[in-house]
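Chemist: My request is simple: use the sequences and hints to build the entire structure.
Heads up: the sequence shown begins at 2 in our numbering, then just goes up one per residue.
None of these hints come from the bench; they were simulated from the model.
In this text, a Cβ means the ideal position worked out from N, Cα and C, and glycines have one as well.
It is possible that some hints are incorrect.
To be verified - The calculated lysine to any residue pairs, modelled on SDA-like cross-linking and capped at a C-alpha distance of 20 Å, are:
| no. | residue 1 | residue 2 |
| --- | --- | --- |
| 1 | Lys-83 | Phe-3 |
| 2 | Lys-42 | Ile-17 |
| 3 | Lys-83 | Lys-39 |
| 4 | Lys-90 | Asp-80 |
| 5 | Lys-39 | Ile-23 |
| 6 | Lys-63 | Lys-90 |
| 7 | Lys-42 | Tyr-68 |
| 8 | Lys-83 | His-27 |
| 9 | Lys-39 | Tyr-70 |
| 10 | Lys-83 | Ala-11 |
| 11 | Lys-90 | Val-101 |
| 12 | Lys-39 | Ala-66 |
Unchecked claim - Simulated restraints, written as ranges between beta carbons of each label pair:
| no. | residue 1 | residue 2 | range |
| --- | --- | --- | --- |
| 13 | Ala-84 | Tyr-8 | 14 to 22 Å |
| 14 | Asn-69 | Ala-11 | 22 to 30 Å |
| 15 | Ala-13 | Leu-59 | 42 to 50 Å |
| 16 | Gln-32 | Ser-56 | 23 to 31 Å |
| 17 | Glu-43 | Asn-98 | 47 to 55 Å |
| 18 | Asn-91 | Glu-43 | 26 to 34 Å |
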Amino acid sequence: DFGKWYYGEAQAFSDIASYQAIEEPHTLLHQTYMQLYKIMKEPVKTGFLISKSKSEKLKQEKITALYNYMQDISDRLMDNLKAFETDIKNMTDFEFNKLVS
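Modeler: If you want it as structure tokens, here you go:
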């Protein structure tokens with residue numbers, strides 16, 4: 002589980018900027034997913050001024066917008082993970098062992 006690793010053993014790398022850059026998109030991804038899930042589970046609202054089809058269309062537009070936003074966040078998270086991986090690979094054995102020991 003990524004979160005368990007990130008907030009667990011990976012804390013050894015918490016002073017590295019590329020590690021720190023992972024947290025915001027990771028948190029945003031979870032928050033956005035929860036918003037998306039909530040909207041998908043909500044019943045379609047209808048009323049005197051809004052038809053069922055209009056309400057369904059608005060709901061679908063919200064879902065699409067959140068999904069696209071989630072994709073953007075996911076891409077940013079992956080870019081940050083790649084930067085972190087590069088930083089780790091560029092460490093000397095001494096630097097790496099100093100952090101994980």
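Chemist: Hint by hint, say whether it matches the structure.
Modeler: Do the hints match the structure? See the list:
1. Proximity of Lys-83 to Phe-3 is assessed by CA-CA distance (about 15 Å); at most 20 Å being required, the pair is judged to hold.
2. Between the alpha carbons of Lys-42 and Ile-17 the distance comes to roughly 39 Å, so the proposed pair goes past 20 Å and is violated.
3. With a C-alpha separation of about 31 Å, the suggested pair Lys-83 and Lys-39 falls outside the 20 Å cut-off, and the hint is violated.
4. At most 20 Å may separate the alpha-carbon atoms for a hinted pair to count; Lys-90 and Asp-80 meet this at roughly 15 Å.
5. For the hint linking Lys-39 to Ile-23, the alpha-carbon distance of about 25 Å lies beyond 20 Å, and the restraint is violated.
6. The hinted pair formed by Lys-63 and Lys-90 fails the criterion: a straight-line CA distance of about 40 Å is larger than 20 Å.
7. The straight-line distance between the Cα atoms of Lys-42 and Tyr-68 is roughly 15 Å, inside the 20 Å bound, and the hint therefore holds.
8. The straight-line distance between the Cα atoms of Lys-83 and His-27 is roughly 14 Å, inside the 20 Å bound, and the hint therefore holds.
9. Straight-line distance between C-alpha atoms of Lys-39 and Tyr-70 comes to about 16 Å, which keeps the hinted pair within the 20 Å bound.
10. For the proposed pair Lys-83 and Ala-11, the alpha carbon gap of about 15 Å is at most 20 Å, so the pair holds.
11. For a cut-off of 20 Å, the pair hint linking Lys-90 to Val-101 stands: about 14 Å separates their Cα positions.
12. Annotation: proposed proximity of Lys-39 to Ala-66 holds, straight-line Cα distance about 14 Å (limit 20 Å).
13. For the pair Ala-84 and Tyr-8, the beta carbons lie near 19 Å from each other, so the given range of 14 to 22 Å is met.
14. Between Asn-69 and Ala-11 the CB atoms are about 29 Å apart, so this pair conforms to the stated range of 22 to 30 Å.
15. Judged by the Cβ atoms, the range 42 to 50 Å given for Ala-13 and Leu-59 holds: they are separated by roughly 47 Å.
16. Between Gln-32 and Ser-56 the Cβ separation comes to about 24 Å, which falls inside the hinted range of 23 to 31 Å.
17. For Glu-43 paired with Asn-98, a C-beta distance near 51 Å keeps the hint of 47 to 55 Å intact.
18. The hinted window of 26 to 34 Å between Asn-91 and Glu-43 is violated, with their beta carbons roughly 47 Å apart.
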